[in-house]
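Trainee: The lines below spell out each chain.
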Amino acid sequence: MSLKRKYDFTSPHGILSNFAGRPVKVALIVLSMTVVLFPLYWLVTNALKLERDYLAYPPVLIPKEITFESFVELFEKNAFASSLATTLIITAVTTLLCVAIGSTAAYTLARGPIGRKAKNIFGVWFLVQKMYPAIVTAIPVFIVMRALRLIDTRFSLIIMNTSFNLPMIIWLMMGFFEQLPISLEESGMLDGAGFYKRFFYLILPITKPGLISAAILTFVATWNEFLFSVILSIKRTKTLPVIIAGFITDRGLDWGPMAAASVLMLVPVVLLTFFLQKDFVQGLAMGAVKG
Amino acid sequence: MEHRLDGKTNRLSLSKRKDTWAAWSFLVPASLFLFVTSFLPLLYSAYLSFFRFKMNLPKAVPLFIGLENYARVFTDSQLATSALNTLVFALASVSVEMALGLMVALAISGDGKINRVALAIFIVPMIMAPVAAGTLWRMMLDSATGVVNYLLSLLGISGVSWLANTTTAMVSVIFVNIWQLTPWVTVVVAAGLKALPQDCIQAALVDGATPFQVFRRIVLPLIMPLLTVILMIRFIDAFKVFDTVYVMTGGGPGLATEMLPNFIYKQGLKYFDAGYAGAMAVLFVLAMTLVVLLFVKWRSWEEAKL
Chain A
953 MSLKRKYDFT
963 SPHGILSNFA
973 GRPVKVALIV
983 LSMTVVLFPL
993 YWLVTNALKL
1003 ERDYLAYPPV
1013 LIPKEITFES
1023 FVELFEKNAF
1033 ASSLATTLII
1043 TAVTTLLCVA
1053 IGSTAAYTLA
1063 RGPIGRKAKN
1073 IFGVWFLVQK
1083 MYPAIVTAIP
1093 VFIVMRALRL
1103 IDTRFSLIIM
1113 NTSFNLPMII
1123 WLMMGFFEQL
1133 PISLEESGML
1143 DGAGFYKRFF
1153 YLILPITKPG
1163 LISAAILTFV
1173 ATWNEFLFSV
1183 ILSIKRTKTL
1193 PVIIAGFITD
1203 RGLDWGPMAA
1213 ASVLMLVPVV
1223 LLTFFLQKDF
1233 VQGLAMGAVK
1243 G
Chain B
36 MEHRLDGKTN
46 RLSLSKRKDT
56 WAAWSFLVPA
66 SLFLFVTSFL
76 PLLYSAYLSF
86 FRFKMNLPKA
96 VPLFIGLENY
106 ARVFTDSQLA
116 TSALNTLVFA
126 LASVSVEMAL
136 GLMVALAISG
146 DGKINRVALA
156 IFIVPMIMAP
166 VAAGTLWRMM
176 LDSATGVVNY
186 LLSLLGISGV
196 SWLANTTTAM
206 VSVIFVNIWQ
216 LTPWVTVVVA
226 AGLKALPQDC
236 IQAALVDGAT
246 PFQVFRRIVL
256 PLIMPLLTVI
266 LMIRFIDAFK
276 VFDTVYVMTG
286 GGPGLATEML
296 PNFIYKQGLK
306 YFDAGYAGAM
316 AVLFVLAMTL
326 VVLLFVKWRS
336 WEEAKL
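Sequence order for the protein chains is A and B.
Just so you know, we're using my numbering here: the first sequence kicks off at 953 and counts up by one.
Just so you know, we're using my numbering here: the second sequence kicks off at 36 and counts up by one.
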């Protein structure tokens, strides 16, 4: 019993402190938290500093006075509000589209009555799609979108974001569906429920956590997407990451508004992952298991 | 044939066939979508790789030049430099992320309140837009007014031009990736540690194994398949790095932090050389596929060991 207490691997002490000692563990946690938190602290304070403070050297570590001037400037000058709306619309539609057609495809691959061979072919294809870098399709997509006059439209960005996230969603949801006991569907089948009925009434209600995980991961990825936003937008559909990158000039002194924009961009995803942390972490973990 | 079956079988096989149709109707939308938006562009890339095509000229017609673009790939010293940079970037950032991520995950693997708070905080860097993380660090690393140099000056180290010097620029870009994605490794490994069979570990302890032995002989082998997958995902993702480099250094100074995605981007959308960009894209995909296959082999070998 005493042994168990001394080396309890489920205890708050963590596994590391069991063999490296408590000081090592505490030092590691304190150090890693400092390195993670200080830049975030710096971002938030710079967003709230007076102009003379964020330009000052030596830097003002703890501002004596705070202001929302940078936020006001942001909304006044840079067409920021319309960019915020654009990013939100693109992200919301992409998320819905991905979850809808991704989870259904995943269900067929996990449990659908189609041949084993077909399942393997589609599964491997989606896996390969998941792996390859977006940049390899960037130039042809640009050429085609230009020919179709779809540059600078929300539509083109929704299409491309859905395209990147679909393979990830399919693999993730396959993992969630495969965990369900097969007896569930067998009982549904005995009751005479067809494929659609089984999916919508039996399976979907109990895979809600999986769907939420998939939705959060898509939301975050689309919200932050930069490469295609910068390629496919000229003026009207600049998303927030493009706006933030636009703050970088040779002068590079607009730190206040830049920080304010980053803070505003960070708030929604922080809230989302904070309130749905369990589903978010489970999604990450499942993604790694399904590789 | 149908009329020879009795009514019941007929109905059953009919509903089975209906199910098969329904299953395909679930698979087709996503497949068609990916085929059109992802597979066809890649094929188009491959097609263009055999042509000279200056896509900025309005009436430009692709001119067939055979394998010339591919020959150029193997003689372009700038491309060789970016490929080498990408490899250095991937190896350095991923190895640090794995080691550090595993250690921090072990440190916060308990159930206490501090561990939960730590986990919540670690999530923030990984959900931050890479563009935002890059600009934030660019501000902090500014050689004249940045807070990093100020803090270093308190320690007596002065005036490092982080992003203007070839070596430190690479170190900075690698560091920002480590800052963003070590927490990802930590969170995923921590979730894996939680799922370990506790009774097995307890039994070993009761049998007199030291904690380090337990880690070395039980915990590590059990999470090895997970670590392999994490390594694979991180390694492949490192080759896709674009956003942070774009905002921090733009590939500079010179070619010091030029990576493959940025290089392809420039060839295609700055110099408008769609053919050459296409050839690089094709080879890039082939190389990544090879890496994935090696990892898949390695993982099945790891799993067979268990």
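For the record, the hints were derived by calculation from the structure and aren't laboratory data.
For clarity, every value in this text was computed on a predicted model and none was experimentally measured.
Every residue gets a Cβ at the ideal spot worked out from N, C-alpha and C, and that includes glycine.
Just so you know, not all the hints are guaranteed correct.
No more than 20 Å apart at the CA atoms, straight line, and that leaves these computed lysine to aspartate or glutamate pairs for EDC-like [claimed, not checked]: (1) B:Lys53 x A:Asp1104; (2) B:Lys53 x A:Asp1143; (3) A:Lys1069 x B:Asp54; (4) A:Lys1071 x B:Asp54; (5) A:Lys1149 x B:Glu103; (6) B:Lys89 x B:Glu103; (7) B:Lys51 x A:Asp1104; (8) B:Lys229 x A:Glu1028; (9) B:Lys305 x A:Asp1104.
Covered stretches of chain A (in silico footprint by chain B; criterion: 3 or more residues with CB under 8 Å from a CB of chain B, positions within the stretch not fixed) [stated by the list, open to error]: (10) 1019 to 1028; (11) 1039 to 1048; (12) 1064 to 1073; (13) 1122 to 1136; (14) 1172 to 1179.
Trainee: Next step is simple, just say for each hint if it's right about the structure.
Mentor: Status of each hint after checking the structure:
{"no.": "1", "hint": "B:Lys53 x A:Asp1104", "result": "violated (43 Å)"}
{"no.": "2", "hint": "B:Lys53 x A:Asp1143", "result": "holds (16 Å)"}
{"no.": "3", "hint": "A:Lys1069 x B:Asp54", "result": "holds (17 Å)"}
{"no.": "4", "hint": "A:Lys1071 x B:Asp54", "result": "holds (15 Å)"}
{"no.": "5", "hint": "A:Lys1149 x B:Glu103", "result": "violated (56 Å)"}
{"no.": "6", "hint": "B:Lys89 x B:Glu103", "result": "holds (15 Å)"}
{"no.": "7", "hint": "B:Lys51 x A:Asp1104", "result": "violated (46 Å)"}
{"no.": "8", "hint": "B:Lys229 x A:Glu1028", "result": "violated (48 Å)"}
{"no.": "9", "hint": "B:Lys305 x A:Asp1104", "result": "holds (18 Å)"}
{"no.": "10", "hint": "1019 to 1028", "result": "violated (count 0)"}
{"no.": "11", "hint": "1039 to 1048", "result": "violated (count 0)"}
{"no.": "12", "hint": "1064 to 1073", "result": "holds (count 3)"}
{"no.": "13", "hint": "1122 to 1136", "result": "violated (count 1)"}
{"no.": "14", "hint": "1172 to 1179", "result": "holds (count 5)"}
Checked against the numbered hints above, the structure breaks hints 1, 5, 7, 8, 10, 11 and 13 and satisfies the rest.
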